[in-house]
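Put the two chains together into one complex; each comes in its own frame, and the hints tell you how they fit.
Chains as they are written, first to last, in this note's numbering: chain U, 1 to 113; chain W, 114 to 228.
Read the hints as simulated data drawn from the structure, not as lab findings. Source: prediction; values computed, not measured. A hint or two may mislead.
Per label pair, the in silico range of CB-to-CB distance [as the list claims (entries may be wrong)]:
| no. | chain 1 | residue 1 | chain 2 | residue 2 | range |
| --- | --- | --- | --- | --- | --- |
| 1 | U | Glu5 | W | Gly185 | 21 to 27 Å |
| 2 | U | Val55 | W | Gly198 | 39 to 45 Å |
| 3 | U | Pro113 | W | Arg172 | 26 to 32 Å |
| 4 | U | Ala78 | W | Ser140 | 20 to 26 Å |
| 5 | W | Lys184 | U | Asn24 | 22 to 28 Å |
Which residues of chain U face chain W? A few of them, derived with a C-beta cut under 7 Å, are [as the list claims (entries may be wrong)]:
| no. | residue |
| --- | --- |
| 6 | Gly66 |
| 7 | Gly99 |
| 8 | Lys100 |
| 9 | Gln110 |
Computed list of chain U residues with no C-beta within reach of chain W, every gap over 10 Å [as the list claims (entries may be wrong)]:
| no. | residue |
| --- | --- |
| 10 | Leu58 |
| 11 | Asp83 |
| 12 | Arg92 |
Note that beta-carbon positions come from the ideal geometry of N, C-alpha and C, so glycine has one too.
The primary structure of each chain is shown beneath.
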Amino acid sequence: TQLLEQSPQFLSIQEGENLTVYCNSSSVFSSLQWYRQEPGEGPVLLVTVVTGGEVKKLKRLTFQFGDARKDSSLHITAAQPGDTGLYLCAGRLGSSNTGKLIFGQGTTLQVKP
Amino acid sequence: DTGVSQDPRHKITKRGQNVTFRCDPISEHNRLYWYRQTLGQGPEFLTYFQNEAQLEKSRLLSDRFSAERPKGSFSTLEIQRTEQGDSAMYLCASSLRAVSYNEQFFGPGTRLTVL
Chain U
1 TQLLEQSPQF
11 LSIQEGENLT
21 VYCNSSSVFS
31 SLQWYRQEPG
41 EGPVLLVTVV
51 TGGEVKKLKR
61 LTFQFGDARK
71 DSSLHITAAQ
81 PGDTGLYLCA
91 GRLGSSNTGK
101 LIFGQGTTLQ
111 VKP
Chain W
114 DTGVSQDPRH
124 KITKRGQNVT
134 FRCDPISEHN
144 RLYWYRQTLG
154 QGPEFLTYFQ
164 NEAQLEKSRL
174 LSDRFSAERP
184 KGSFSTLEIQ
194 RTEQGDSAMY
204 LCASSLRAVS
214 YNEQFFGPGT
224 RLTVL
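Excised from the complex, chain W in its bound form (with noise of 0.2 Å):
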């Protein structure tokens, strides 16, 4: 039973370097989250696709920001001219759309250090 994964798990970048991220989802979901944690904090939602339609971006996905669910399998997040402030880690999630009440599997998580 494979769960969520994520690639990298570290990422260490200058300022205004692009890095990309990469999740694959548990294979049967169709729906994959992009979430962002702060220490101390709890995650706050960036963006879903539901297979490879991408249903909602919130405020916090500035331009700089744009993931992509090319095929409804796996997703990639890209940011561009990173930030001091994208420094975070970065949650994947997956879930089952026909379970109504949206359980949603985590994976393990991309730690990004913008220096």
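Chain U extracted, bound-state conformation (with noise of 0.2 Å):
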């Protein structure tokens, strides 16, 4: 069983569609990452969300994190063709003391021109 839930796994929208992507746990997060990955390169890290409840911006994208820090959401506002690619939620396990970072399954976005 996955531990982090991404939905969809996968979207294809048109140019100036809004969209959101959802990333669910049973589990607590001390820290939740969101991060895009193009094909054949490493994961880019977008933002990190703490606090129960926090919301940040980068331009068109908005990020929350759940009030009980299970969850988290990743919206687009007016996407791009530039947008698309792999978007992947990673936490640290609220109760875990060590490095590693749990991923989700990754939602894989198209946008067309």
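Given below as structure tokens:
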């Protein structure tokens, strides 16, 4: 079973549309990160959220950490073809003192011009 | 500003051969991580180092896998007697221990294909 569940797994939309990607767990995370990955490359860090209820904005991207720190969402406004890629959420378990990140399975986003 | 680098970027090998990958972290980072990613999945944790000490290994890391970070700088990941199931992208990441929320920065990965 996946500790972090992302939905949807695939999303194909037209340029200009809005979308939301969800990352859910039954476990509490001390921090959660969102990455974007292009084919054949490593994940690139977009944002880190650490406080329950926290909202961060990065241009047209809005990230939210759930109040209980068990879930997060990524909202993209007016998507552009350059937003195409694999979006990954990853968290550090609240009960853990290790450095490892737990990743979701990813959401593949395709934005058509 | 140099990020995390990995070498080689691609490796094709025959089943049963040994392979070794190298990772150079961001220079001031004291933590270094290895992950494995198969097609259509998120990365899975393999192991991590704080300075030269290997602090945790995943159950995914069978006895054919070994990782080292001898001087607390670069790291190597060796796979002995490769199997077709080892085909994956091997990712390295680094972070600074002092940052409590463990922000990890990834390298470009090494794509391994075992024939």
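Status of each hint after checking the structure:
no.	hint	verdict
1	Glu5/U - Gly185/W: 21 to 27 Å	36 Å, violated
2	Val55/U - Gly198/W: 39 to 45 Å	41 Å, holds
3	Pro113/U - Arg172/W: 26 to 32 Å	44 Å, violated
4	Ala78/U - Ser140/W: 20 to 26 Å	38 Å, violated
5	Lys184/W - Asn24/U: 22 to 28 Å	41 Å, violated
6	Gly66	16 Å, violated
7	Gly99	5 Å, holds
8	Lys100	4 Å, holds
9	Gln110	14 Å, violated
10	Leu58	15 Å, holds
11	Asp83	19 Å, holds
12	Arg92	5 Å, violated
The structure is inconsistent with the numbered hints 1, 3, 4, 5, 6, 9, 12, although it conforms to all the rest.
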